[in-house]
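Per the numbering used here, the very first residue in the sequence shown carries number -19; after that it's consecutive.
Check before you lean on any hint, since a few could be wrong.
Stated by the list, open to error - Below 20 Å or equal to it, Euclidean Cα-Cα: the simulated SDA-like pairs (lysine to any residue) are:
(1) Lys218 - His470
(2) Lys214 - Leu465
(3) Lys218 - Asp202
(4) Lys293 - Ser463
(5) Lys214 - Asp428
(6) Lys214 - Ala467
(7) Lys435 - Gln242
(8) Lys173 - Ser55
(9) Lys218 - Gln242
(10) Lys173 - Glu203
(11) Lys173 - Leu185
(12) Lys173 - Pro121
(13) Lys435 - His272
(14) Lys293 - Glu189
(15) Lys173 - Ala95
(16) Lys214 - Ser463
No lab work stands behind these hints, which were simulated from the structure alone.
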Amino acid sequence: MVNGSGESLGALPVTPRRGGTSSRNLKPRRKVGQELAGWKSMWRGLSALATRAARAPRRLCARRSSGAGSWTPESTIFALSSGQGPCAIAVIRTSGPASGIALRSLTASREPPPARSARLHLLRHPRSGEPLDRALVLWFPGPRSFTGEDCVEFHVHGGPAVVSGVLQALGSVPGLRPAEAGEFTRRAFAHGKLSLTEVEGLADLIHAETEAQRRQALRQLDEELGQLCRGWAKTLTKALAHVEAYIDFGEDGSLEEDVLEQVDRDVRTLEAALSSHLRDARRGQRLRSGAHVVVTGPPNAGKSSLVNLLSQKPVSIVSPEPGTTRDVLETPVDLAGFPVLLSDTAGLREGVGVAEQEGVRRARQRLEQADIILGVLDASDLASPSCCSFLDTVVAPLAAQSPNSGGQRFLLLLNKSDLLPTSPPASDTALLGSPHLLLSCLTGAGLDGLLQALKTELAAVCGDPSTGPPLLTRARHQHHLQSCLDALGHYQATTDLALAAEALRRARRHLNHLTGGGGTEEVLDLIFRDFCVGK
-19 MVNGSGESLG ALPVTPRRGG TSSRNLKPRR KVGQELAGWK SMWRGLSALA
31 TRAARAPRRL CARRSSGAGS WTPESTIFAL SSGQGPCAIA VIRTSGPASG
81 IALRSLTASR EPPPARSARL HLLRHPRSGE PLDRALVLWF PGPRSFTGED
131 CVEFHVHGGP AVVSGVLQAL GSVPGLRPAE AGEFTRRAFA HGKLSLTEVE
181 GLADLIHAET EAQRRQALRQ LDEELGQLCR GWAKTLTKAL AHVEAYIDFG
231 EDGSLEEDVL EQVDRDVRTL EAALSSHLRD ARRGQRLRSG AHVVVTGPPN
281 AGKSSLVNLL SQKPVSIVSP EPGTTRDVLE TPVDLAGFPV LLSDTAGLRE
331 GVGVAEQEGV RRARQRLEQA DIILGVLDAS DLASPSCCSF LDTVVAPLAA
381 QSPNSGGQRF LLLLNKSDLL PTSPPASDTA LLGSPHLLLS CLTGAGLDGL
431 LQALKTELAA VCGDPSTGPP LLTRARHQHH LQSCLDALGH YQATTDLALA
481 AEALRRARRH LNHLTGGGGT EEVLDLIFRD FCVGK
């Protein structure tokens, strides 16, 4: 092989790795003059890339999420940030370069108040001069604001007429327009005030309905997941730098001999960490959207009564007639601080009418989708054929599973304990062959023990948001981590250093996408769409 000057290059050198069992192909070194020219070209390219990267966040916001048109960071937006409806205090805020103009237009003051200090002002309509309300006004000059732009907050009385009047007054100020859903937060992201994982944490915090969801959202808002991903990306950057250095300078012996072995060790450590997080990926998603708890058992065991007791409302019809429930009834519930989708199902039995048979089929189908199964039996009738059939077909297979297998969790409940004698016959409970809890839906006896057991099971399937590593709460997180792990697998499999470097670049790119670097407009639209207009 010859180069452009006609010089013979000979065979490409090969660098063995892992004790010589495999090798990666090296590209030839360049001459000194070519090397210097290459470095200058590279730095010019890096400078251009840095310039474009600095401008990239602004371009992320260059198109409206609704597709209704385009807007630029120079526009100024306003919206009601507090909840809708009559209230004591309503917060209306603006963001953008014309915020100072809006402040002066409504307060008739020549200068804005001291930054981040509340001042009482009489608000007037800029055109008619009509008084609107007495309000507390706060001025947040950029970049020290939520969005990184000049911002104003008007804390007005929360009556609909007052809020409407102030919003109309702001709309009459030149350069101001109503904000779109999530636009304040999107501007904070565009100006580097929030990473994409922080944005998702903020959205989850706004929509949190349980203690566990609130704790998890706060952890993500505190950037625990983002910091973890940036630490992994830093490891990949270092590994990539070492591989690139070995490609260019490995021949002259100026690098340490074990540089590639150290890269391999770092990659294997990172693979183990990513695999561990991916194994727990479903836990975080359950915590965000709710674990699926299904109540099942033979007819007349008290399943509907249990659903009503746990949800604290009449979700299901309760009747002594067998087969009352013939469809799956679902209700969202806060159980022990965890979000749960609780399902009542038809009693499991054979030889019934067509409608009930369909209900039984749906019940069995829903059992397959459950995260936690609550099996309910009549404690006063354990020897009945329906109870024995349930024990053989449902309880026995579930009880045989290992708690650490990652399969469905199961709790066996003996309802109607109020009908039992003081000491129930040992022969009856011996039929169960599984740990169980005594409960009376009528008196509430045993409910505290059930809630404690449910808390333990829910912590197992959803994860404990107070401890341990940050959870992956969205499918997007799982996708990028899995893609990063796949790229590292390609790194391990290839023997060509150029391909190995490219695999490391792809792995690092997916970690950057997770925290918001280089995200596509479509993905950002989906994320910011979850916010209300004033956030």
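query: Lys435 and Gln242: Cα distance at most 20 Å?
result: violated, 44 Å
message: Hint check: Lys173 vs Pro121, CA-CA at most 20 Å. Holds or violated?
response: Given pair Lys173, Pro121 holds - Cα atoms ~14 Å apart, limit 20 Å.
message: Next pair to validate is Lys435 with His272; report whether the Cα-Cα distance is within 20 Å.
response: At roughly 14 Å apart (the allowed maximum being 20 Å), His272 and Lys435 satisfy the hint.
query: Quick one, are Lys214 and Ser463 close enough, alpha carbons at most 20 Å?
result: With a Cα-Cα distance of about 17 Å, the restraint between Lys214 and Ser463 holds, given a limit of 20 Å.
- prompt: Is the Cα-Cα distance between Lys214 and Leu465 20 Å or less?
  reply: Answer holds: Lys214 to Leu465 is near 15 Å, not above 20 Å.
query: Is the straight-line distance between the alpha-carbon of Lys293 and that of Ser463 20 Å or less?
result: Cα-Cα ~44 Å, so violated.
message: Hint check: Lys218 vs Asp202, CA-CA at most 20 Å. Holds or violated?
response: Violated, at about 26 Å.
message: Given the hinted pair Lys173 and Leu185, is their Cα-Cα distance within 20 Å?
response: Roughly 17 Å between the alpha carbons, so the hint for Lys173 and Leu185 holds.
- request: Would you mind confirming whether the straight-line C-alpha gap from Lys173 to Glu203 stays at or under 20 Å?
  value: At roughly 12 Å apart (the allowed maximum being 20 Å), Glu203 and Lys173 satisfy the hint.
field: Given pair status - His470, Lys218, alpha carbons within 20 Å
entry: holds, 18 Å
message: Just to be careful, I want the Cα atoms of Lys214 and Ala467 compared with a cutoff of 20 Å; is the pair within it?
response: holds, 16 Å
task: Measure nothing beyond the straight line between the CA atoms of Lys218 and Gln242; if it is 20 Å or shorter, mark the hint as holding.
output: At roughly 11 Å apart (the allowed maximum being 20 Å), Gln242 and Lys218 satisfy the hint.
This entry does not satisfy hints 3, 4, 5 and 7, going by the numbered hints stated previously.
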